[in-house]
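Asker: Single-letter residue listing:
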Amino acid sequence: MRNAGVDRQLLGVTALLMVYGLIVLYSAGQTDVVTQAKGVWYHQFVWFGVGIVAAYATFKTSPRLLEWGAPALYVFSLLLLIAVLVIGTGAGTAESSKSWLAIGGHRIGQPSELAKLAAVLMLARYLSSLKEPPRSLRDLVVPSALLGVPLVLVMKQPDLGSGIVFIGIFFAMLFWSGVRPRMLFMLASPGVSLLLAFSNYAWGAWMVLLFGLLLVWRPYVWESVTVYVANFVMGAIALSAWKHLKPYQQNRLLTFLNPDIDPRAAGYHAIQSKVAIGSGGWIGTGYTQGPQKRLAFLPEQHTDFVFSVVGEELGFIGVLLALSLFLALLLILLRIARRASDPFSSLMVFGIVGLWFTHIFENVGMTVNIMPITGIPLPFFSYGGSFFIICSLCIGLAARVSWDARMSGYVEF
Amino acid sequence: MNGFDAYQVGRRATGAGWILVAAFGVLIGAFFRTQIVQHDKFRMKSETNRLRSIPLEPPRGEIVDRNGELIAENLPGFSVKLLATSPDSLRAVLARFSSVVSLDSFEVDEAMRRYRNARYQPVVVRGNATFEEVSRLEEHRVMLPGLIIQSEPKRFYPQGRAVAHLIGYAGEVTETDLAQNRFPDAVLGSLVGKAGLERQYDSVLRGRAGVRYAEVNARGRLVREDVGQSMAPIAGMQLRTTLDLGLQRYIDSIWPAGVRGAMVAMTPDGKVRALYSAPSYDPNVFVGGIDIKNWRMLNGDSAVPLLNRAINGRYPPASTFKLATAAAALTRGLITFNTRMPVPCRGGIQYGNRVFHCWKHDGHGSLTLTEAIAASCDVYFYQVGMQLGLRNLLEDGTRMGFHDKSGIDLPSEQSPLYPSSLDYFTKRYGKNWSAAGATALNFAIGQGENDQTLINMVQFYAALAGGGIERTPYLVHASDTTERSLGLDEKELLGLRLALTAVAEAGTASNILRATVGKGQVLTIAGKTGTAQNAHGLDHRWFIAMAPAENPQLVVGGIMENVGLHDPMIVRNIILALRRYVLGPESMPDAKVIVRANESFVADSGPGPIEVIGDSAPPAARDSGRAAPRADSARRGIR
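Note that the protein sequences, when read in sequence, are chains A and B. When you line the first sequence up against numbering that gives the first Met the number 0, it's residues 0 to 412, in that order. When you line the second sequence up against numbering that gives the first Met the number 0, it's residues 0 to 638, in that order.
Result set (DSBU-like, lysine-lysine): computed pairs, CA atoms no more than 35 Å apart in a straight line:
1) A:K37 x B:K292
2) A:K155 x A:K245
3) A:K37 x B:K44
4) B:K193 x B:K292
These stretches of chain A come out as covered by chain B in the derived footprint (C-beta under 8 Å, 3 or more residues):
5) 313-323
6) 328-338
7) 353-364
The hints are simulated quantities; they were obtained by calculation from the structure and are not laboratory data. Predicted model only: the values in this text are computed from it and were never measured. Ideal Cβ placement from N, Cα and C applies to all residues, glycine included.
Using the sequences and the hints given, assemble the complete structure.
Answerer: What follows is the structure, given as structure tokens:
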């Protein structure tokens, strides 16, 4: 393969993100009280090595092979998700959950990360095989099922963060396959009902609005009825569903709405992270010098809350730089998806956009309390093997799709 | 698929692009608001972070013996801590503190050091304060800002020195431990197991630390304790061991003062009933941090009291190994119990141009295997060794577990020294090494490059006692449940035990046995003595025995260092321990034992190990060298 076909923008932005992430990860380990984060930046080097090999391998893999192998990978990842429910162990912010697969006491990875990529490939394969984009709710039964099975399995662990990512992937890929936005709206509406059900007024207003929209949009009658009934049921069962959540999940959601309800226990993460970021100001407190981090007020500073270290030590400038790099990466991927040579490749790359966007928005958002706290890693920044390797695979896939698009029409010997 | 033409994809891409930009705009807006608009508020908050988390130590799980008697428990105790804003304020408060409860300079330095390591955590000033100290401090609370008094369970080992090496001790986790993640989930201040059972089963015993929060004002003064939601600590779980504390204490009580050594009692299926190492120490000195004086005393003692000689001391097995030689020859079908060797014992045997001596100068005459074990005849076993050859001895010895650790569930067990193949010798002495024959003779009587731990030898004898199956010894549960067969059938095992009984009845240990069995009670004890010669002092004495011989319930082995040939104490002690265990403690009303040593007992040992060709370099000093200097100073060289 000639160098001309390699997407330099993609690789350049990725490399910058990796270096930035490593610099921050090193600082995360520098605390007054020794924590286990101390040497992780060094371990991350190993993952870099493995990740680069994995990315190169996927770059060399034809999207056709991926399309062909998607169902097998999908089934395999489901089996891993089931296995993890039986023999899984917890870690980090999600210590009471079962998200890690361990063999002989060694944690070897989080199958939910693999399942996200497998779901992207499977959905891309299914959607690209359709003659027409899904036009009605009935057309969405199969893709919903494809995403729903891994979603239910990760929620069983329970891993709320990964659950949100699956939903993000789902909507992103449906949008990219040409489903009309109003269909997506109808699909999402029961979720809105679920959230609004805690206030009778808000929920009532929502139901009226929905009724109006259904009248204006005039979908099939059975669709209208289904959507309206689903909203009604969601609103009705919301309270009992709430009671089924684990207390720590309830706390997380409540403290998201108002961290000061419980500043010591559940709101602790939210408050400390926001204090760390807020004290950063324009230019931050100085690399490795952040007092919130140094004094170990900042929880999980090398995994889920690594972005708080950016905010505290490198300030708004550092945040702006990181977010610009992320935005650039997503826009580059969007460009690749647009110019892809075939629908499967295009959908696959856009699925990756959905995957990363959800991760970034949720992770970064939770550090400033605009999203609820869930244990979800930040690509290229958080310490962790399995997610980094999945990210590397994604980069390899995107680079290949980009190469294919540029080289189509050329024959090379 | 339709819907992927350039126009439609382009439209969607534009839409998606705007959504991305808008979403990142939201994030950037949120950061701008937090970092720029509200910067002053949060900087203030950061500087005066008002919550201090105070870890709550969970009570460690109790450790009990098989009858539920306590080996390790928790007593109520108090720890006194201080929250301070700066090193100067801490120093000032400490000065006031010592006017109420006196502190020595070491305690003050230690508190300052802890403070520098973790400024926002309460500093432990006194880990084990008395009730009286606590009430005096409470009285003066007003003048001691930041004073925190917590009731914290304190570890206590009621059995004291009798169980020191077994139980190990628990202490505060160090920073090195934390950095290396040696104790997952431990936090600064956690009490973790540092040695022995406390270390091995730390994750079970430790429990989970809780937390409570105290509020301080902007200057760091404690305003309120117990604000908000605290998390209660979760207590560790109880650990039930296989130990028999009665036996363990008894072994400690009859151990002669000033003698170094160890004893292990184990059932044939691997349950360790007692494990004792001498000299011992009181593990309670480690609770709440050992002071310098005690540490220097324990660490500087030339008798190395901290060494667990039962699993970390290596000694040449000497005559106790003859049973392994016999077992190897039996499984290979070379001999039976009635086999007589071609050369009767005349006090020695010619091999090459050298004479290998028997411990008995006058010789034993012609013996069967049973008689040879009883008499511990070296000449007989030299010939068994010749027939087996070195390669087979190494192979069979490795198969019987002499090359590997026993795998007992205690940390840092020492590996025995036993070559697994001839490569060891060619690597060490060069390709032209040709002394395999003479080495085989040495190995056959437990000499040569063969150093075993007590637990490893007891494990082998337990296999002889328990159906020829070698099991991993354990105190709580076996790390490895695979059963290694010695390859001996029931008849052969019984034969070996009968031969051992002969040792105890008429052979090398006879007089002692007769002296200790009480009136009217018949307890047949099967056992084998051994004498490991020691270049640096008097000999080490081994004795490993089982009872009742017909159907052994317990195997007890022991070693005493540098006691010399004439001291039968180890035999006496082991027989007493067996008698107590099998017949019950009530059989021991007056354990007055008359010990007479006869000539055969006195001299039971192989001759000095014989230097073989090429073996000129002395063996390298080993870890346990202090405990077990190996006995291979050559008396006679051969060429």
